[in-house]
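Chemist: In the order they appear, the protein sequences are chains A and B.
Residues 1 to 337 (my numbering) are what the first sequence spells out, left to right.
Residues 1 to 265 (my numbering) are what the second sequence spells out, left to right.
For lysine-lysine, the following BS3-like pairs were computed, each having C-alpha atoms within a straight-line distance of at most 27 Å:
no., chain 1, residue 1, chain 2, residue 2
1, A, Lys-249, B, Lys-72
2, A, Lys-278, B, Lys-264
3, B, Lys-104, B, Lys-259
4, A, Lys-121, B, Lys-47
5, A, Lys-334, B, Lys-261
6, B, Lys-261, A, Lys-278
7, B, Lys-264, A, Lys-334
8, A, Lys-82, B, Lys-47
9, A, Lys-278, B, Lys-72
10, B, Lys-102, B, Lys-133
11, A, Lys-294, B, Lys-264
12, A, Lys-89, A, Lys-9
13, B, Lys-69, A, Lys-249
14, B, Lys-133, B, Lys-219
15, B, Lys-259, A, Lys-294
In short, the hints are calculated from the structure, not lab data.
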Amino acid sequence: MGYQTTLAKINAIFSDLSKDYVIYAPKRFVGDGTFTNIDTIRYGEITDLSEIEFAEKSNYSFKEVLLPISETLFYFTENEMKEADAPKKGAIVFLRSCDLHGLKRMDTIYLENGAVDTYYKRLRDKTKFILMGCENSFENCFCVSMGTQKSDDYDAYIKVDGNAVLVDSHWDLLDAALAGATEASVMPDSVTANNTVVTVPETVPQTLFDAPFWEDYGNRCIACGRCNFVCPTCTCFTMQDIFYTDNGKAGERRRVWASCHVDGYTDMAGGHAFRNDKGQRMRFKVMHKVNDYKRRFGTHMCIGCGRCDDVCPEYISFANCINKLNTLVNDSVKEEN
Amino acid sequence: MTVINPYIPFLSEIVAVIKHTEIEFTFRMTYSGEVKPGQFFEVSLPKFGEAPISVSGIGDGTVDLTIRKVGKVTDEIFENYVGDTLFLRGPYGNGFDIANYKGKEIILVAGGTGLSPVKGIVDYFSAHPDDCKSFTLLVGFKSPNDVLFKKDFEEWEKNLNVIMTVDTPVDGYCGKCGLVTQYIPEIPIENSDQAVGIVVGPPMMMKCTITELFNVGFKEENIWISQERKMCCGIGKCGHCKIDDTYICLDGPVFNYTKGKFLKD
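Produce the entire structure from the sequences given, and follow the hints as far as they go.
Modeler: This is the structure in structure tokens:
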């Protein structure tokens with residue numbers, strides 16, 4: 001149901017909801033960026049919708065809400081273990097269409113691929129997703145190429161325009177709170193084109209895994225893993241045990257974000273590792289995002305947010321890489337014929 | 001509905017410890033659920049972490065885990081196993097399906113600790129020699145000091161054709177030397193296009209062994225391999241063991257070669 005209301009009214013509603021939900025949205029952190037006098041936009045708790053940065057793309061995705069950078073799984077003392085408590089409140093997450101598609105990728109890994117992940121599910125079940133529209137495409141976005149520029153899978157769509165607020169609600173709680181507000185026909189803003197256009201090759205023959213093409217990336221990539229950490233669909237982690245310095249018999253097991261670009265990702269006991277070459281790590285990631293995942297689950301993993309291209313300190317463009325790979329695939333097909 | 005938390009390990013008692021070498025022990029652990037050779041458990045040591053260890057034997061209410069002391073977790077297990085319990089999660093992975101090999105001529109080639117995940121198969125056919133046409137166990141170790149399962153070899157030699165070789169002999173050693181591949185042509189096989197090959201070991205050993213099996217007429221659909229990777233969660237989440245669209249912890253670690261040959265890290 002669509003509504004037209006005011007910022008004051010919607011803030012009052014969210015203030016009420018905050019008794020049961022923590023509200024997360026992209027916020028501007030002034031001066032917190034990597035370089036001097038540079039802001040960063042990342043997810044944080046909000047109490048007022050005017051805190052939300054609607055005009056720019058967030059540097060980091062929403063994924064840390066459901067998959068914290070470091071998450072305690074359980075506590076141990078001698079032979080006893082205790083599962084870490086679930087957050088008491090649920091979460092409300094403001095996010096854009098591409099990220100909402102990213103959520104489906106996370107769901108697939110954490111709820112469908114193998115056993116259900118307890119920690120993910122317990123918060124996911126209590127989380128509501130509010131779509132933020134995109135009036136214009138941002139730099140490096142290629143959502144249209146990946147088919148993620150639109151999504152109907154939201155609990156609500158909210159557009160703030162000064163003091164006026166447009167809402168399209170799929171959430172009965174919000175409908176009830178908005179009872180009496182002016183009804184309106186609300187269509188989420190979405191882009192129809194991006195400056196960056198990506199053509200994903202249908203299939204990539206394994207013969208191209210060793211193509212000299214990847215060596216360029218081997219020379220440029222510094223294995224910092226930033227592309228993985230900003231990506232809403234990168235969901236890998238590593239287990240980590242810590243014990244308390246005051247009492248060595250007690251401690252906790254955590255999982256922390258892991259990156260397939262960073263050294264140690266494939267290390268096995270005894271020292272053997274796979275993909276020591278950084279170009280091969282790039283190949284592994286690219287193939288996962290636009291080929292392997294699709295073969296297993298039916299959709300591409302990459303959702304075209306372009307954050308990896310925004311963040312790379314070596315100016316490596318994932319979008320360019322896919323396009324170059326597409327050319328390479330087409331050329332190899334021509335050669336065969 | 002409460003979801004069972006797959007990350008919380010259970011306590012298992014150490015029933016026996018069998019010392020093979022200075023750094024390789026078999027821990028016989030209590031476990032009464034279903035388990036297949038080639039599956040693995042995450043051995044969990046609070047404060048130190050977890051390590052994926054394959055099942056090297058299946059007993060009545062027990063599983064054997066043969067552990068090599070090579071990392072942070074395994075070092076600690078060796079130091080402190082007197083605690084007589086270990087935490088486990090699992091079993092994970094698909095494991096070997098004995099039914100695939102029954103009634104066949106079988107060559108099982110293992111390198112070093114690669115013998116652990118397939119030992120359950122050897123144990124089975126050693127106990128049921130009539131369930132296959134013939135069974136050759138071909139194992140390579142680095143040196144005579146690295147030989148695992150010495151007692152079991154005595155048992156296996158009664159019913160199976162056992163060839164053991166070492167890369168580097170020591171003084172007083174009078175067994176076979178050299179790589180496993182050189183012994184493959186000597187193994188008597190009636191119909192190599194029907195025979196089954198099972199190959200587990202270091203990547204290069206597996207590659208060369210499979211090439212040699214092809215040379216003597218084996219078909220790729222009759223060859224089975226088991227892959228070792230860093231399996232951190234064991235349940236398809238952490239991503240460390242993924243190769244292409246395959247999660248080794250879920251779809252493997254055992255693969256028919258028709259699939260396994262396409263796995264490229």
